[in-house]
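**Q** Since the structure of chain E is already known, use the hints to place chain G on it.
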Amino acid sequence: MSLRVFIISVLFAALTGCSKNSFYDGDRFFIENDGATMPVIVKGNLSSNVVVVFLHGGPGGNASQASFIPVFQELENDYALAYWDQRSSGLSQGNPDESTYTVNQFVEDLDMVVDAIKIRYDNPKIFLFGHSWGGALGCAYLSTDDLQDKIVGFINMDSGHNLLDGLPLSVIWVKNYAQERIDIGEEVSFWTEVRDWCAGVPDMTVPDNFFKFREYLLKTNAYRHDPDREYETGDINADVVLNSYMSFAALMNGGYLAQNFNILELKLSPQMVNIHTPTLVLWGRHDGINTIDMGFDAFNSIGDQNFSDKEMVILENSAHEGYLEEKELFQSSLRGFIDTYE
Amino acid sequence: MRYIFIAFFLIIVSFSKLNAQELSENTGATAKGGLQIKNLGVKADYFGELILHPGASVGVEYSFYQNKKGWFDLHWDADFGGYYHRWNHGGLFVTTTLGLRFTAGFGGLVDLNLGPGYLHTFPDGDVYTRNELGVLEKTNSKGSPHFMPNVSLLLGWTGTKRDVIPLSIRLGPAIYMESHFNHIFLPHLALKAGVTYHFGR
Numbered sequence: 000m001s002l003r004v005f006i007i008s009v010l011f012a013a014l015t016g017c018s019k020n021s022f023y024d025g026d027r028f029f030i031e032n033d034g035a036t037m038p039v040i041v042k043g044n045l046s047s048n049v050v051v052v053f054l055h056g057g058p059g060g061n062a063s064q065a066s067f068i069p070v071f072q073e074l075e076n077d078y079a080l081a082y083w084d085q086r087s088s089g090l091s092q093g094n095p096d097e098s099t100y101t102v103n104q105f106v107e108d109l110d111m112v113v114d115a116i117k118i119r120y121d122n123p124k125i126f127l128f129g130h131s132w133g134g135a136l137g138c139a140y141l142s143t144d145d146l147q148d149k150i151v152g153f154i155n156m157d158s159g160h161n162l163l164d165g166l167p168l169s170v171i172w173v174k175n176y177a178q179e180r181i182d183i184g185e186e187v188s189f190w191t192e193v194r195d196w197c198a199g200v201p202d203m204t205v206p207d208n209f210f211k212f213r214e215y216l217l218k219t220n221a222y223r224h225d226p227d228r229e230y231e232t233g234d235i236n237a238d239v240v241l242n243s244y245m246s247f248a249a250l251m252n253g254g255y256l257a258q259n260f261n262i263l264e265l266k267l268s269p270q271m272v273n274i275h276t277p278t279l280v281l282w283g284r285h286d287g288i289n290t291i292d293m294g295f296d297a298f299n300s301i302g303d304q305n306f307s308d309k310e311m312v313i314l315e316n317s318a319h320e321g322y323l324e325e326k327e328l329f330q331s332s333l334r335g336f337i338d339t340y341e
Numbered sequence: 000m001r002y003i004f005i006a007f008f009l010i011i012v013s014f015s016k017l018n019a020q021e022l023s024e025n026t027g028a029t030a031k032g033g034l035q036i037k038n039l040g041v042k043a044d045y046f047g048e049l050i051l052h053p054g055a056s057v058g059v060e061y062s063f064y065q066n067k068k069g070w071f072d073l074h075w076d077a078d079f080g081g082y083y084h085r086w087n088h089g090g091l092f093v094t095t096t097l098g099l100r101f102t103a104g105f106g107g108l109v110d111l112n113l114g115p116g117y118l119h120t121f122p123d124g125d126v127y128t129r130n131e132l133g134v135l136e137k138t139n140s141k142g143s144p145h146f147m148p149n150v151s152l153l154l155g156w157t158g159t160k161r162d163v164i165p166l167s168i169r170l171g172p173a174i175y176m177e178s179h180f181n182h183i184f185l186p187h188l189a190l191k192a193g194v195t196y197h198f199g200r
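Keeping their order, the protein sequence lines are chains E and G.
Number 153 in numbering that gives the first Met the number 0 belongs to position 154 of the first sequence; there are no gaps in the numbering.
Number 109 in numbering that gives the first Met the number 0 belongs to position 110 of the second sequence; there are no gaps in the numbering.
This is chain E alone, in the form it adopts within the complex:
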């Protein structure tokens, strides 16, 4: 290779780097709070004057990756979606002390995200869409002081708002799943071990028990009712890795948080009576983590007896990831709800 060719190659690489603007359609800003620098990527139809804030699951999941999933990209045609990576999650930067891994801290962070959106986009109508842990965070936010006055609507999907009561139900779900595997003669010794462990009614407020349980859970169809189906998960391929805002942080962040943020005794149901924000509860019938009983618990806990601005949609063919499993129903439910209250 001549020196000239070498230099031209380097220049070409430099010039093409970061030039794929499709990954950069939209806006971004950061929230800096208590040791964390958290990105908020805003994509979609800002002229709608509706911003849907995506509250990702986990703790320790991420929202930035969701910005590559078609189901959310299609919603961007109608609304702006704000993908916020929570502290120590996704593309979040900094090195926050683990003493900041509290529900109150996450609520405070979210409030800064909400305020920043209001400042930056001239006070749009803000909806929260929380999935799993993100749903729990939404419940905590809306039932704290008067924070819900900033929010027009809440979409709560398969939330872990009450793990204290919910995880034991998940253990029963896994036990029944294990029994079904045994009955059809599939990996009998393993599933017998799982069934017997679950039958021992382990204390799910003990982190070690939860982490062991999660290993079993991941071998079931608790997350996706039909795990063999193809899902539009959005490719994080080499092009995305090399040309977008993604980085290895999206893969490696979250683990420390997940190990050190104990929400196993979380029970927000009693305080959710304070919520008077219009709410859509979306739940997968076959969710093995936050079972359908917890869906009813969420629906019944929101607002007092006179509160009627809430509805529940059960995704009959879904488990925990209904937005992938029943994409069209998820989208139409969400659109119908937002269009009603915007």
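Note that these hints are calculated values from the structure, not bench results.
Treat the hints loosely; a few may be bogus.
Coverage of chain G stretches by chain E, computed from C-beta distances (three or more under 8 Å per stretch; other residues unrestricted) [to be verified]:
#, region
1, 82-93
2, 133-141
3, 171-181
Beta carbons are placed, not taken as given, at the ideal position from N, Cα and C, and that holds for glycine.
**A** Chain G in isolation, oriented as in the chain E frame:
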């Protein structure tokens, strides 16, 4: 990571001591009195974080040992640079490395470098925080300091023995870590490609 560094430095130190006699007799590279300009080089590199997020670095290298036949040398490098990962972060860094370089007769070279560094990152975008009154406002982020251990494996060319040129070119991957980053060592992959001007040739 720590043990890799210690092992690497021990190898280089012991190798230098073992060959001290050969060194002074054959090359004069460590002549009494210290640094010699003929062993010095200045360099400039393209530094692409995740290959295509552009950046650059400049630096110096000092070759402090070369074996008798000239196919192997040890060198110390210091670099200053920066890169830009759009919508994610920008980084400014200072690194220092020790390198082992093997050079073939046709001029091809393999260069392994390892050392510590300092990285300061800044989020790429407006930053909001609450002021003392609790009001959210846009602010100038001071960025985050990080320890930056790094390693690179470069392939290059430095002219043949017959046609000695003052330049060498090189290309290869670098891996550096960002610590602390959410309580982990966050790995980064980068592409380095550059040229060195050697004063002694």
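**Q** Does each hint hold? Answer for all of them.
**A** Structure-based check of all given hints:
1. 82-93: Result for this restraint: holds, n = 6.
2. 133-141: holds (count 3)
3. 171-181: With 3 residues in contact (Cβ-Cβ under 8 Å with chain E), the coverage given for the region 171-181 of chain G holds.
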